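Can you make the complete structure from the sequences, with help from the hints?
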Amino acid sequence: MATLQTDFTLPLRSFALELALDVSRTVALVGPSGAGKTSVLRAIAGLVEPSRGRVVLDGERWLDTERRVSLPPERRRVGLVFQDYALFPHLSVRGNVAFGSRGRPVDELLERFRIRHLAATQPAELSGGERQRVALARALAREPAVLLLDEPLAALDAHTKSEVRHELAELLRELALPTLLVTHDYEDAAALADEVGVLVEGRLRQLGPPAELVARPRDAFVASFTGANLLRGKARRGEGALTAIRLESGEDLYSADEAEGDVGVVVYPWEVSVARAHAPDSDSALNVVRGEVGSLVEVANRVRVRVGPVTAEVTAASAERLALAEGGVAYATFKATGTRLVPL
Amino acid sequence: MFAAAAIALGFLLLPIVAIFARVSPGKLVAQLSHPVVTDALVLSLKTSAIAQALVVLVGTPAAYVLATRRFPGRSLAVVLVELPLVLPPAVAGIGLIAAFGRLGLLGATLDAFGVRLGLTQAAVVIAVAYVSSPFYVRQAVAAFEAVDPNLVAASRTLGAGPARTFFRVVLPLARRGLAAGEALSFARGLGEFGATIMFAGSLQGATQTLPLAIYAAFDVQPDGFTTALAMSALLVVVSGALLVALRITLQWQPSKPTSRFLFAPSR
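These protein sequence lines map, in sequence, to chains E and B. For the first sequence, this note's numbering gives the first residue as 1, with consecutive numbering after it. For the second sequence, this note's numbering gives the first residue as 1, with consecutive numbering after it.
For the record, the hints were derived by calculation from the structure and aren't laboratory data. Owing to the predicted nature of the structure, the values given are computational and were not obtained by experimental measurement. All C-beta atoms, glycine included, are put in the ideal place defined by N, C-alpha and C. Among these hints, one or two may not hold up.
As the list claims (entries may be wrong) - Estimated spans, in silico, between C-beta atoms of each pair: (1) B:Pro-149 to E:Leu-71: 45 to 51 Å; (2) E:Asp-84 to B:Asp-111: 53 to 59 Å; (3) B:Arg-164 to E:Arg-173: 46 to 52 Å; (4) E:Leu-71 to B:Pro-172: 22 to 28 Å; (5) E:Ala-120 to B:Phe-167: 45 to 51 Å; (6) B:Leu-54 to E:Arg-173: 55 to 61 Å.
Said to hold, decoys possible - Far from chain B, some chain E residues (derived; all Cβ distances over 12 Å): (7) Leu-80; (8) Leu-91; (9) Glu-170; (10) Ala-336.
Next comes the structure, spelled out in structure tokens:
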């Protein structure tokens, strides 16, 4: 499989984007808006010029500032799918898809993306999901060696999104192209990519398989971005092998991780149990946070419950059995081994 | 409010209505055979066509650069391009003489190449192009600025170079704006009077365009006012017809390229 090697510096308005990244399968860059995610794609596609660095695809030099090489976008074999899809409004669906196909027939692509019946339609008349399929087909008609996707799911409504996410994951597997996608949504990244990089203010904070980011977040930002609870406190050596963390609220938490000083206690919602009452003698979980039930949000067959400062994820059945209601008191409990400590 | 609108509309339309009220259609057609009129009409159409071709050919790329490139002095350039808009025609005429006239800045250079502009159609073309081009260029800049830069970027990543991108994406998307600008420029050019009469003179068959012929007829001939009225009516009809034709041609959408695939064998 081909590998796209990138290593460049791109000055942006308020910071410089510095990235060194090899892409051979699907890599997702996640980060808050303004982190420079789109600029990464534009730099690889040749739409903006880094001040320093290289972009090389298997020996094909697209950019090498030392050798003064910088191919124009049309000579870099990229398929870039824009966030708003950037379909040509004056061309039909077929006209859009055929734009970069250099005369090759596109019927097969139209068929594959289930847009053949829309061939004569103008982009303005398409739904969000259809636009996305047209944009993908158009990018692939150019026969790219690298696929770049800018927020591929952001323009879709929640209902369409889960379906399209599934389809897209399947498509990326089939294509087996080096793919770099950027998104602000960690769940999308984890669902689509083999490796996820967290980009903050132009720097890569952590890069790894989604499971690793969750298991070992390197810092507080990565932890909270991947969906974890982050509780701030001061760590000191506790009893046995455990570290005790005194929270700002005065409560003590325990973690199997070692740390000292200001730390963030990281715990994922699915590690947290919720109870209406707490019996310390009959619970192996050392950590207990008592709080008011803040909000109940249903996500698929689960319910996200906010208990004081902690978000827990329980099954819809459990939520019903506990008769949780906003404003009531509940206990969030989790094991010391279910926590990670990150420096603040 | 409605009264004010009615007054404004009446004020704007009355002179045009008056022209046609004084000239019967028969008289209008009869005037077409008069050599002064035919000469002026032919000259007007010919010089306008050449001037507008030049305006579009040079103005389009210039406007595209102004709209899409960021360079030092860009805003100054945009202002300078629009300068002839606010220049009184007489000042434009004097300026053209001072620049291209026999004793002007470039006069000696042009002379060396054997070019004498005085009393020629080329002088008319220059005067018309000078006063009318800003109308096209400023509108074209706005039209190009309105094209989503992401569409241009998409075209490039799809393998189209700058030229192909310009003709297949930018131009079709900016076309309506360009048509509107060209219509204005054309209308202004066809009615051009002040700069032309100063720079090119008013010689029947050589530099006398319709507006100049109207003025000459009105001024000189014993039955001049009627002839001037007839020519005015003619000018209104011609420019109106050309404007409509131009709008239709430039705004015409090519039939969808998909149609030719309709009967292609399926794969």
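Legend entry - Violations among the numbered hints, reported as their numbers in ascending order: 1, 3, 5, 7 and 8
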